[in-house]
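**Student:** Build out the structure end to end from the sequences listed, making use of the hints.
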Amino acid sequence: MSDLRDLYQEVILDHNKRPRNFGKLEEATRKAEGYNPLCGDQVTVYLKLKEGVIEDIRFEGSGCAISKASASLMTSALKGKTTEEAARLFTEFHDLVTGESEADPDELGKLAVFSGVREFPARVKCASLAWHTLHAALENQDEPVTTE
Amino acid sequence: MITSAEKDHRNLSSAPFDVEKVREDFPALHQTVHGKPLVYLDNAATTQKPQAVLDALTNYYTHDNANIHRGVHELSQRATRRYEEARVKVKRFLNAADAHEIIFTRNATEGINLVAQTYGRKNFREGDEIIVSAMEHHANIVPWQMVCEEKGARLRVIPMNDNGELLLDEYEKLLGPRTKFVSVVHMSNALGTINPVQEIIAKARAWNVPVLIDGAQSAYHTPIDVQALDCDFFVFSGHKVYGPTGIGVLYGKAALLEAMPPYQGGGDMIRYVTFEKTLYNDLPYKFEAGTPHIAGGIGLGAAVDYLQSLGMEGLAAHEQDVLEYGTEALTQIPGLKLIGTAREKASVLSFVLEDIHPHDIGTVLDREGIAVRTGHHCAQPVMQRFGIPATARASLACYNTKAEIDALVRALHRVREVLG
Chain A
1 MSDLRDLYQE
11 VILDHNKRPR
21 NFGKLEEATR
31 KAEGYNPLCG
41 DQVTVYLKLK
51 EGVIEDIRFE
61 GSGCAISKAS
71 ASLMTSALKG
81 KTTEEAARLF
91 TEFHDLVTGE
101 SEADPDELGK
111 LAVFSGVREF
121 PARVKCASLA
131 WHTLHAALEN
141 QDEPVTTE
Chain B
149 MITSAEKDHR
159 NLSSAPFDVE
169 KVREDFPALH
179 QTVHGKPLVY
189 LDNAATTQKP
199 QAVLDALTNY
209 YTHDNANIHR
219 GVHELSQRAT
229 RRYEEARVKV
239 KRFLNAADAH
249 EIIFTRNATE
259 GINLVAQTYG
269 RKNFREGDEI
279 IVSAMEHHAN
289 IVPWQMVCEE
299 KGARLRVIPM
309 NDNGELLLDE
319 YEKLLGPRTK
329 FVSVVHMSNA
339 LGTINPVQEI
349 IAKARAWNVP
359 VLIDGAQSAY
369 HTPIDVQALD
379 CDFFVFSGHK
389 VYGPTGIGVL
399 YGKAALLEAM
409 PPYQGGGDMI
419 RYVTFEKTLY
429 NDLPYKFEAG
439 TPHIAGGIGL
449 GAAVDYLQSL
459 GMEGLAAHEQ
469 DVLEYGTEAL
479 TQIPGLKLIG
489 TAREKASVLS
499 FVLEDIHPHD
509 IGTVLDREGI
519 AVRTGHHCAQ
529 PVMQRFGIPA
539 TARASLACYN
549 TKAEIDALVR
559 ALHRVREVLG
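First to last, the sequence lines map onto chains A and B. Each residue of the first sequence is one higher than the one before, starting from 1 at the first, in my numbering. Each residue of the second sequence is one higher than the one before, starting from 149 at the first, in my numbering.
Hints are computed from structural coordinates only; laboratory data are not their basis. All residues carry an ideal CB built from backbone N, CA and C; glycine is no exception. Be aware that a few hints might be false.
As the list claims (entries may be wrong) - Quick partial rundown of chain A residues pointing at chain B, CB under 8 Å, derived from the structure:
no., residue
1, 39
2, 40
3, 62
4, 124
Said to hold, decoys possible - Going by beta-carbon spacing under 10 Å, a handful of chain A positions derived as facing chain B:
no., residue
5, 22
6, 26
7, 28
8, 41
9, 67
10, 90
**Tutor:** Next comes the structure, spelled out in structure tokens:
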């Protein structure tokens with residue numbers, strides 16, 4: 001059970017049940033869609049960018065607890081950040097969930113609750129879907145991104 | 149359930165079905181996963197392999213390994229004999245009229261593609277209609293869409309009700325002079341429904357329309373008799389009948405197969421080649437270009453031998469018993485909804501649990517040593533029909549027990565504890 005609790009931490013369960021920044025962002029300047037063909041998770045990330053700063057960010061979609069909580073915590077973490085800071089956080093987050101290299105816990109803040117994901121390789125894509133979609137929105141890609 | 153079920157010529161076993169004894173035949177079942185005894189309930193995806201199949205593979209590679217056909221040396225002749233014996237075993241398994249109606253493919257998917265690309269491309273014209281059902285696996289949708297797109301033909305779909313049963317009245321309305329082919333799944337991988345294929349075939353026969361039955365799921369749960377069904381084509385995969393991956397079967401009526409152009413060109417499918425012209429080989433080799441999966445064919449032969457030694461009727465009765473037990477047990481879990489509640493079904497317990505995503509269910513069950521599948525099961529139109537993104541699916545095989553259902557139920561309570 002202990003490693004399941006590491007994966008499904010209270011913060012994650014809370015954000016799954018009550019996702020923050022959920023819903024369409026009418027005044028979005030950027031938007032991207034993400035899709036995980038393995039489990040059918042889908043997410044749309046809306047960004048309102050002004051002079052390189054993420055003034056507002058919201059998401060909508062459906063998915064498992066990990067993907068929904070990840071999108072919710074991501075949007076909470078990125079509001080007010082610059083696009084460079086967002087890109088850096090993406091790298092840190094990717095390192096955290098894949099375990100490919102040591103992530104910086106100070107920089108990650110609350111996002112560190114996803115540290116348990118690395119013990120569940122099948123779930124890494126769930127955790128990173130929103131981030132890949134964010135990346136596409138920042139790059140202004142029109143094509144939906146997939147985790148494959 | 150299956151009208152030909154009483155055919156005793158393929159039911160070689162006289163011993164009663166003993167699940168504990170059967171379990172001993174499957175080495176992979178005897179392991180722990182995350183410290184818990186493995187409970188393998190992902191059989192609709194693939195089944196575990198009995199020792200007899202593993203031995204057949206090892207024996208072939210250890211003693212008989214050689215390329216088949218045309219070899220004059222001893223090993224080649226032995227390998228050829230074993231491979232062709234396997235074809236005869238499959239012929240008996242399906243009760244086909246002749247072994248040359250058995251084409252070895254990679255899997256059920258390739259069998260459907262073969263028919264779509266040869267029969268379909270030769271015979272479909274603009275405005276023609278191909279009928280499939282609402283509960284098809286993607287493997288019985290996409291190959292037809294591809295040929296429809298090329299030929300300007302149209303895919304029509306037999307709808308189903310909320311239990312996951314096809315509406316045969318609607319099917320009858322779809323049949324008509326434009327109908328050129330019917331391709332229907334025997335047993336749904338996502339819902340477990342067993343379709344009344346005999347009736348479906350008979351109705352198509354009235355319009356002189358050929359019918360393909362996708363038997364990927366049915367072949368290991370129910371006895372199959374292609375002559376009694378009177379289907380024109382029947383496909384299944386080796387790995388779902390306790391055989392190896394990479395080997396499958398297309399059965400076709402000889403007259404249809406003979407009239408079809410070849411699928412792939414290459415060695416073995418020819419009789420005579422010059423740069424100007426090639427004469428194609430006879431059945432079944434016309435459709436088996438290149439060195440085939442020799443070991444796979446031999447392993448599949450061992451698998452159908454094994455199935456018949458268990459006795460398909462006893463096996464089906466055991467699985468049905470566990471399925472009913474599982475249906476009853478899962479229904480008791482608060483918030484759990486079974487998807488697929490057809491009167492005629494086998495093996496599959498597909499479900500959703502309140503607002504807990506199936507992917508999360510799968511992860512928690514895995515930590516309890518329980519293997520289920522979660523997702524859309526390559527049947528996205530089925531998920532759309534039921535308005536859900538995915539299900540969790542437990543699917544039974546001959547070696548599953550009621551005790552394993554109990555373990556599943558306990559673990560589902562765990563799911564609610566962890567994610568509740």
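**Student:** Check each numbered hint from earlier against the structure, then list the numbers of those it violates in ascending order.
**Tutor:** 4, 5, 6, 7, 10
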